[in-house]
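Chemist: Here is how the chains run, residue by residue.
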Amino acid sequence: MSEISSPYIEYKDVQVEYPGHVTGLRDVSLRIQKGDFVFFVGKTGAGKSTLIKLLTREVRHTSGLVRFQSRDLAKIREREVSALRREMGIVPQDFALLPRKRVWENVAYAMRAVGHSRSAVRRKVPEILDHVNIGHRADAFPDQLSGGEQQRVAIARALINNPPLLIADEPTGNLDPDHSWEIMELLKSLNLKGTTVLVASHDMMVIHRMGRRIVTLEGGTIIDDTDNPRIEPTEVIPVA
Amino acid sequence: MTFAAVSTVAVSLFLLGGLGYSYMRAVEYAHSIPGKFDMRVYVLPGTDQATISKTAEDIRQIPGVASVSWIPRDKAWAKEVHDDPANTAGLDNPFPDGFKVTIKSLNLGDAVADQIGQLKVIDPDPGVVYLKEEQHLIDDGLQVMRWLGVVIAGLLFLTSGVLIFNAIRLTITHRRREIRIMQLVGASRFTVRVPFLIEGVVQGILGGCFAALMLFGAQHVFQNFLMTLASRTQLSAFPALGAVLILSGVGGVYGLLCSWLALSSLNTIQ
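Residue numbers (my numbering), protein chains in the order written: chain A, 1 to 240; chain B, 241 to 510.
Just so you know, the hints here were simulated from the structure itself, not pulled from any lab data.
We put the beta carbon where it would ideally sit given N, CA and C, even for glycine.
Keep in mind that the hints are not guaranteed to be accurate.
What the hints assert, rightly or not - Some, not all, of what chain A presents toward chain B, calculated at C-beta under 7 Å:
#	residue
1	Arg85
2	Ile90
3	Ala96
4	Val114
5	Pro142
6	Gly219
7	Thr221
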């Protein structure tokens, strides 16, 4: 009952207008339960990134209601946004790694920025890197890594706060199919451990193979919301 | 950009502090010159003691008067004979009775003289005697220093502010990836902003320290210049610690303010 009445994430009649009367979202309503794995799909400009940025408070809605863990995000003050973001892991499309820092340093830098002690950093960084299967490249610099490995580092960094929600914007946008599938498998394993995962993507082949909920957007509106449309395993997609 | 910001803060604080320091020294020097702040006020012959006392009190009440003392003609003449016996030998005392009035500020000389001149017991000739031209000259000089300080140093101070602002903005641009990562992982606004605020404060403090150093050097050069003129004028000791503390403090606060303004665009993820 409580699951239905109080979803983990809720968008209700959400409207987003960017400066210059550009519509980001129009009358979007959506409910996401804890532990869900949801793909937001659509063409460029469809509104999938806006949907994600509303949660991270990079974008503010013009009207409607956006709730995360029953909290109205419109009422969160600017100085509370950092605490909100510590409750979610954010994986940007471009990885956003520091090129002059090694893999472990990239994760350590983020941990230090949110106030973890040096001893906690020393203890946790190897654990996190192993968790996303990149521990063996801890001393490499980002330019020595493949796209898939760089994305793993970005995911590792997003996990430093043990977030119950992981948000990934086009995580496979710069990857070949093999690496894309690796990343999706990783996200799936995190989801199986209880993390709610939201992914904005247009990589339809991988998305369909994952067999999870797909929310399709077009022109800032949800045109389809389908659960578990898993394709048959006979349709071959290369696996790394 | 950082070097430009620090050096401009240094030059502007040097001018501001230097002119302020020179102004204080000039006022101090003017006070030390005998007679510059003094007036002689002569009363009509035969004025009785009660009127003299009342007049002294009236003069004391005039705004800008620091002190009033009565100098009888016999006492004035005795001093003159003592100071210059060769030229006073055999002469009768030409001095009338009068007051010695000391004023608080050079620019009040004319106003004080006018008000004293209106008192009935004041002898119209010679009346109030003071170094009018010299007072005007010194006062004009001090005013020029005041205006130079306000205009030139003020403009430079403003320029240095713009340079600190731009230096911080450049640093923000240069470090936008780090900032973005910090914002993504939920670092507090304080954590994200502190390095830039510190940078602005350090630039301001460095500028202030350099300004104090330049001021110290300028004082040293000026003292040497006075010595080459065989002048016996000795500048008072330079307050090095005070200058460093005041100028670096002003620079630090200014740097903090400019960097705070430069950080106003950091609310959103870069």
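Chemist: Hints first: check each against the structure and report whether it holds.
Modeler: Now for the hints, and whether the structure bears them out:
1. Checking arginine 85 (chain A) against chain B by beta carbon gives a least distance of about 4 Å; that is within 7 Å, so the hint holds.
2. Among the interface hints, the one on isoleucine 90 (chain A) holds; its C-beta lies about 5 Å from the nearest C-beta in chain B, closer than the 7 Å criterion.
3. For alanine 96 (chain A), the interface hint holds, since its Cβ comes within 7 Å of a Cβ in chain B; the closest pair sits about 6 Å apart.
4. Interface hint at valine 114 (chain A): satisfied, since its Cβ lies 5 Å from the closest Cβ of chain B, which is below the 7 Å cut-off.
5. Violation of the interface hint for proline 142 (chain A) is found here, the shortest Cβ-Cβ separation to chain B being roughly 11 Å, above the 7 Å cut-off.
6. Because the smallest distance between the Cβ of glycine 219 (chain A) and any Cβ of chain B comes to about 25 Å, over 7 Å, the interface hint for this residue is violated.
7. Interface restraint check: threonine 221 (chain A) against chain B, minimum CB-CB distance 25 Å, threshold 7 Å, status violated.
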